[in-house]
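If you read the sequences in order, they're chains A and B. Using the numbering used here, the final residue of the first sequence is 437, and nothing's skipped along the way. Using the numbering used here, the final residue of the second sequence is 437, and nothing's skipped along the way.
No lab work stands behind these hints, which were simulated from the structure alone. Hints are not guaranteed to be accurate.
[Claimed, not checked] Just the calculated beta-carbon pair ranges, DEER-fashion:
(1) A:Ile142 with B:Arg133: 45 to 55 Å
(2) B:Ala111 with A:Ser135: 24 to 34 Å
(3) A:Ser91 with B:Lys211: 39 to 49 Å
(4) B:Glu241 with A:Ile365: 34 to 44 Å
[Unchecked claim] Cut-off 27 Å, straight-line C-alpha distance, at most; resulting in silico cross-link-like pairs (DSS-like, lysine-lysine):
(5) B:Lys211 with B:Lys340
(6) A:Lys340 with B:Lys76
(7) A:Lys211 with B:Lys211
(8) A:Lys211 with B:Lys340
(9) B:Lys76 with A:Lys71
(10) B:Lys245 with A:Lys34
(11) A:Lys340 with B:Lys340
(12) A:Lys340 with B:Lys343
(13) B:Lys245 with A:Lys57
(14) A:Lys343 with B:Lys76
(15) B:Lys343 with A:Lys211
(16) A:Lys343 with B:Lys211
(17) B:Lys343 with A:Lys57
Think of the CB as a built atom: it goes at the ideal place given N, C-alpha and C, for glycine as much as any other residue.
Next come the chains, spelled out residue by residue.
Number of protein chains: 2
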Amino acid sequence: IDHHDEKAVLALLDDLHPADIAEIYGELDLDEAKYIYFLLDDDTAADVLTELPEDDKLRFLESLPSEVIAKRFIDKMDSDDAADVLGQLDSSTQQEVLSHIEDIEVAGDIADLLTYDEHTAGGIMAKELIKVRDSWNMNTCIRSMRQQAEEVDEVYYVYVVDSRDVLKGTLSLKRLLLSPEDIQIRDILNEDVISVRVDTSTDEVSNIMDKYGLVALPVVDGVGRLVGRITIDDVVDVMREEAEKDYQLASGITEDVEISDSVWIHTRARIPWLLIGLLGGVLGSRVIGGFIGILGEHPHLALFMPLIGAMGGNVGIQSSAIVVQSLASGSMGLDTNWGKLVKELTIAFLNATVLSLIMFGYNYIVDAGWPLSLTVSAAMFSVVVFASMFGTFVPLLLKRINIDPAVATGPFVTTLNDIIGMFIYLTFGALFYALLL
Amino acid sequence: IDHHDEKAVLALLDDLHPADIAEIYGELDLDEAKYIYFLLDDDTAADVLTELPEDDKLRFLESLPSEVIAKRFIDKMDSDDAADVLGQLDSSTQQEVLSHIEDIEVAGDIADLLTYDEHTAGGIMAKELIKVRDSWNMNTCIRSMRQQAEEVDEVYYVYVVDSRDVLKGTLSLKRLLLSPEDIQIRDILNEDVISVRVDTSTDEVSNIMDKYGLVALPVVDGVGRLVGRITIDDVVDVMREEAEKDYQLASGITEDVEISDSVWIHTRARIPWLLIGLLGGVLGSRVIGGFIGILGEHPHLALFMPLIGAMGGNVGIQSSAIVVQSLASGSMGLDTNWGKLVKELTIAFLNATVLSLIMFGYNYIVDAGWPLSLTVSAAMFSVVVFASMFGTFVPLLLKRINIDPAVATGPFVTTLNDIIGMFIYLTFGALFYALLL
Numbered sequence: 001i002d003h004h005d006e007k008a009v010l011a012l013l014d015d016l017h018p019a020d021i022a023e024i025y026g027e028l029d030l031d032e033a034k035y036i037y038f039l040l041d042d043d044t045a046a047d048v049l050t051e052l053p054e055d056d057k058l059r060f061l062e063s064l065p066s067e068v069i070a071k072r073f074i075d076k077m078d079s080d081d082a083a084d085v086l087g088q089l090d091s092s093t094q095q096e097v098l099s100h101i102e103d104i105e106v107a108g109d110i111a112d113l114l115t116y117d118e119h120t121a122g123g124i125m126a127k128e129l130i131k132v133r134d135s136w137n138m139n140t141c142i143r144s145m146r147q148q149a150e151e152v153d154e155v156y157y158v159y160v161v162d163s164r165d166v167l168k169g170t171l172s173l174k175r176l177l178l179s180p181e182d183i184q185i186r187d188i189l190n191e192d193v194i195s196v197r198v199d200t201s202t203d204e205v206s207n208i209m210d211k212y213g214l215v216a217l218p219v220v221d222g223v224g225r226l227v228g229r230i231t232i233d234d235v236v237d238v239m240r241e242e243a244e245k246d247y248q249l250a251s252g253i254t255e256d257v258e259i260s261d262s263v264w265i266h267t268r269a270r271i272p273w274l275l276i277g278l279l280g281g282v283l284g285s286r287v288i289g290g291f292i293g294i295l296g297e298h299p300h301l302a303l304f305m306p307l308i309g310a311m312g313g314n315v316g317i318q319s320s321a322i323v324v325q326s327l328a329s330g331s332m333g334l335d336t337n338w339g340k341l342v343k344e345l346t347i348a349f350l351n352a353t354v355l356s357l358i359m360f361g362y363n364y365i366v367d368a369g370w371p372l373s374l375t376v377s378a379a380m381f382s383v384v385v386f387a388s389m390f391g392t393f394v395p396l397l398l399k400r401i402n403i404d405p406a407v408a409t410g411p412f413v414t415t416l417n418d419i420i421g422m423f424i425y426l427t428f429g430a431l432f433y434a435l436l437l
Numbered sequence: 001i002d003h004h005d006e007k008a009v010l011a012l013l014d015d016l017h018p019a020d021i022a023e024i025y026g027e028l029d030l031d032e033a034k035y036i037y038f039l040l041d042d043d044t045a046a047d048v049l050t051e052l053p054e055d056d057k058l059r060f061l062e063s064l065p066s067e068v069i070a071k072r073f074i075d076k077m078d079s080d081d082a083a084d085v086l087g088q089l090d091s092s093t094q095q096e097v098l099s100h101i102e103d104i105e106v107a108g109d110i111a112d113l114l115t116y117d118e119h120t121a122g123g124i125m126a127k128e129l130i131k132v133r134d135s136w137n138m139n140t141c142i143r144s145m146r147q148q149a150e151e152v153d154e155v156y157y158v159y160v161v162d163s164r165d166v167l168k169g170t171l172s173l174k175r176l177l178l179s180p181e182d183i184q185i186r187d188i189l190n191e192d193v194i195s196v197r198v199d200t201s202t203d204e205v206s207n208i209m210d211k212y213g214l215v216a217l218p219v220v221d222g223v224g225r226l227v228g229r230i231t232i233d234d235v236v237d238v239m240r241e242e243a244e245k246d247y248q249l250a251s252g253i254t255e256d257v258e259i260s261d262s263v264w265i266h267t268r269a270r271i272p273w274l275l276i277g278l279l280g281g282v283l284g285s286r287v288i289g290g291f292i293g294i295l296g297e298h299p300h301l302a303l304f305m306p307l308i309g310a311m312g313g314n315v316g317i318q319s320s321a322i323v324v325q326s327l328a329s330g331s332m333g334l335d336t337n338w339g340k341l342v343k344e345l346t347i348a349f350l351n352a353t354v355l356s357l358i359m360f361g362y363n364y365i366v367d368a369g370w371p372l373s374l375t376v377s378a379a380m381f382s383v384v385v386f387a388s389m390f391g392t393f394v395p396l397l398l399k400r401i402n403i404d405p406a407v408a409t410g411p412f413v414t415t416l417n418d419i420i421g422m423f424i425y426l427t428f429g430a431l432f433y434a435l436l437l
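Using the sequences and the hints, build the whole thing.
Here's what the structure looks like:
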C-alpha cells in the first residue's frame with residue numbers, strides 16, 4: 001500500500017470476501033483505507049462498508065462528499081443496509097445524499113425506512129422482496145419473479161398479495177419447483193403466513209422467528225399491506241445485542257454500551273448500580289453500628305465480615321442468574337415452584353455444608369478459638385442457604401409485579417444479601433461470645 | 001381434555017402452529033400430553049416433539065415403546081432433529097428405534113449423524129439437501145431437484161457436486177430463476193462456496209455464518225465430499241447457548257446448566273467460584289488481622305469494611321465486563337491500549353469523585369468524625385480507581401497468556417479487589433487515626 005502498487009494490492013484483495021476486507025480495514029489508517037476503497041469495484045466497496053463496525057463506518061463516511069456516498073455506496077446497497085448507514089449521519093447530510101440517488105423509487109424506499117424507530121420491525125426490515133398477485137397463474141408469476149429477482153440478493157419466500165397489496169400468503173420455493181406451470185397462484189399459496197407489523201418491537205420479532213424457526217418474516221402496515229421483509233441475519237444481530245445487554249446487566253451496567261462509546265455514556269451506565277451498592281453499604285454500616293459494642297470487645301469478629309458479605313452476594317447472584325435466565329427463555333422446566341424450591345434448598349444445603357466445614361477446619365488450624373469458629377461456620381451456613389432462597393424468589397417476585405427481573409435482580413439481591421449477611425453474622429457473634437466466654 | 005372430547009380438542013389444536021402446541025404441552029401432565037399426541041397427525045406430532053424442551057422430550061419418549069417412536073416420530077423428522085432426539089436416549093434404545101425405521105437409507109443417515117460430537121458441525125448438520133451434478137444441464141437439474149425437493153423442508157441453496165460427490169459450488173435460487181433452460185450447470189455455478197468440515201467446532205460454524213451472513217452452510221468430509229448442510233436456525237440455537245453460558249459465567253457459574261439439571265450438576269457448577277471466594281475471604285482476613293490493633297481501638301472502622309469491599313468488586317466487574325465482551329466480539333474499537341487506559345481512568349475518576357463526595361456528605365451528617373470520614377472517602381476514591389484499572393488489565397493479561405478471559409476474570413477480579421480494598425481502607429484508617437487523634 002505504501003508504494004501505491006495498485007496491481008499487487010488488487011491481486012491480494014481479489015480473492016477475499018468483503019467481510020475479510022472489512023477486517024483488514026480495521027488495521028489501516030483512514031488514508032490507506034480510502035485508497036483501498038477506490039480500488040475496489042462498487043459492489044464490493046458497498047459490501048465492505050456494510051461489514052465495518054459502526055464507528056469506523058461513521059468516520060469513513062464523514063470523510064467523503066455526499067455525492068460519492070450516494071453513488072458509490074448507498075446506490076449499491078440493500079435498502080435496509082443503506083438506511084442503517086444513512087441513519088448514522090445527521091439529517092441534512094441524509095437529505096443531501098438522498099438527493100444524489102438517481103432512482104427516485106430507491107431514494108423513497110430508503111427515506112421511508114429512515115422514519116422507523118430502529119427498535120421496531122420497520123427499523124430492521126428491507127424493502128427488497130419478491131411479490132406476486134394471487135390472481136396470476138404460475139407462468140405470469142415466474143416471468144415477474146425473474147424480473148424482480150435481479151434486485152434482490154437472496155430469495156427465501158415469494159409473497160402473495162392481492163390487488164390492494166394486502167398480504168395473502170407465501171409461496172415457498174419448494175412449492176414453485178413442484179407445481180405445474182398452468183396452476184393459479186391462489187390455489188397453491190400457503191395462507192398460514194406469520195407476519196409482523198412495522199411497529200412490532202425487534203425483541204418480539206426475534207422471539208417469533210426463533211419460536212417458529214423462520215428465515216424471513218414479512219412486515220405489514222396497519223391495514224395489512226406488505227411493506228417489507230426481515231431476514232434472519234438482521235435478527236441474529238438483534239439477538240447478539242440482546243445477549244450483550246444481558247451480560248452487561250449481569251455485570252451491573254444499565255445501558256447497552258460499546259467500548260468505543262464516550263466517557264459520559266460509560267459513566268452514566270455504571271453509576272446507578274454503584275449508587276445502589278453505596279446505599280446498601282450505608283444501610284449495612286447502620287446494622288454493624290448496632291453491634292459496635294461487641295466489635296470493640298472482640299475485634300477479631302471483623303476478620304470475616306468481608307468474607308460473609310461476599311459469600312452472600314456470590315450465592316445470591318448464582319441462584320438468581322439461573323432463574324432470570326429460565327424466565328427469559330420461557331423454559332421453566334416441568335418442576336412446580338415447590339419442586340424448584342426443594343431443589344434449590346438441596347443445592348444450597350450441600351454448598352453451605354462444604355463451605356462451613358472448610359471454614360471450621362481453617363479456624364481450627366489457625367486456632368481462632370471456639371466463639372469465632374462457631375460464629376463463622378454457623379453464619380456461613382445460614383447466609384448461603386438464605387442467600388440462595390432469596391436469589392430464587394426475588395426474580396420470581398419481580399416478574400410477578402411486572403418488573404424485568406434481568407434489570408433489577410443483580411443490585412437488589414447483592415445489596416440485600418450483604419446487609420442481611422452482616423446481621424446474621426454479628427447476631428451469631430454476639431450469641432456465641434456471650435455463651436462461651 | 002378431561003372429558004376426552006376428541007372433536008373439541010382437535011378443533012382447538014387444528015389452527016395452532018406446532019411451536020404453540022409445544023407450549024401448551026408444557027402445562028399438561030404426561031397422560032394428558034400423550035392423549036393429545038395421538039390425536040395429532042404424524043407430521044404435526046413430530047414437529048411438536050422437536051419443539052419441546054429437552055427434558056420434556058426425554059420424559060415423553062421414555063414413556064413410549066420404541067416402535068412407536070420410530071414410526072410416529074423419527075420417520076417424520078428431518079435427520080438432524082431425529083438425531084437430536086435419539087441422542088438423548090441410551091444406545092440400546094437407539095438401536096431398537098433405528099431397527100424399526102423402514103427406509104434403510106434414512107436409518108443409515110441418522111446413525112451416521114449420531115456418531116458426531118454434538119459440538120461439531122457434524123453434530124448439528126442435517127443430511128437433507130438438494131444436490132446436482134456439475135455435468136448436468138438446467139433441464140436435468142430442474143427435474144432432479146423437483147424429485148429431491150419433496151424430502152427437504154426448506155430450500156436455500158442447491159449444491160453442485162462432481163461425480164465423486166466432491167463439492168464444487170452452489171447454485172442460488174435466484175440464479176435458477178434467471179438462467180435459460182439449456183445452459184450447463186458447470187457454467188453458472190458459483191465456485192466461491194464457503195464450507196466447513198464435519199469436525200469444525202460449532203462456535204466456529206456460528207462465527208463463519210455470522211461473518212459472511214449465510215443462511216445455510218455445506219459440510220464436507222476430510223476429502224471434500226458433501227455430507228450435509230447446516231441451516232441458520234441450528235446456529236441460532238448454538239448462539240443462544242453461547243450467550244447463556246457467558247451470562248452464567250458472569251454470574252459465577254462454571255458449567256452450562258439448565259434449571260432442570262440435577263442437583264449434583266448445579267452444585268458442581270457453583271462450588272468452584274464459591275471456593276475461590278472463600279480463599280479470597282480467608283486471605284482478606286489475614287490482611288485485616290494485620291490491623292487488629294487499630295480495629296480494637298477504633299471499632300467504628302469496621303462499619304464501612306463491607307461497603308469498601310463490595311464497591312471494589314462492583315467496579316472491577318463493570319470494567320472487566322466491557323473488556324471481556326469486546327475481546328469476545330473482536331471489536332476492540334479504534335482506540336489504542338493507551339487510549340483505552342486513559343478513557344477508563346477518566347470514567348473511574350468521575351465515578352470515584354461522585355461516590356467519595358456522597359460518602360463524605362453522609363459521614364458529615366451522621367457526625368462520624370474527621371478520621372473516619374476522611375478514611376472512608378479517601379479509600380473509596382482509591383479503591384474505585386484501582387479496581388477499574390485492575391478490571392481492565394486482568395482480562396487483557398489473561399487473553400495474552402491464552403486463558404479465556406470470560407472464564408477467569410469474574411472470580412479473579414472480585415477476589416483480588418476485595419483483598420486489596422481492605423488493605424487500602426485499613427491503611428488509610430491507621431494513617432488518619434494516627435494523624436488526627
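Looking back at the hints listed earlier, which ones does the structure fail to meet? Violated: hints 1, 2, 3, 6, 8, 9, 10, 11, 12, 13, 14, 15, 16.
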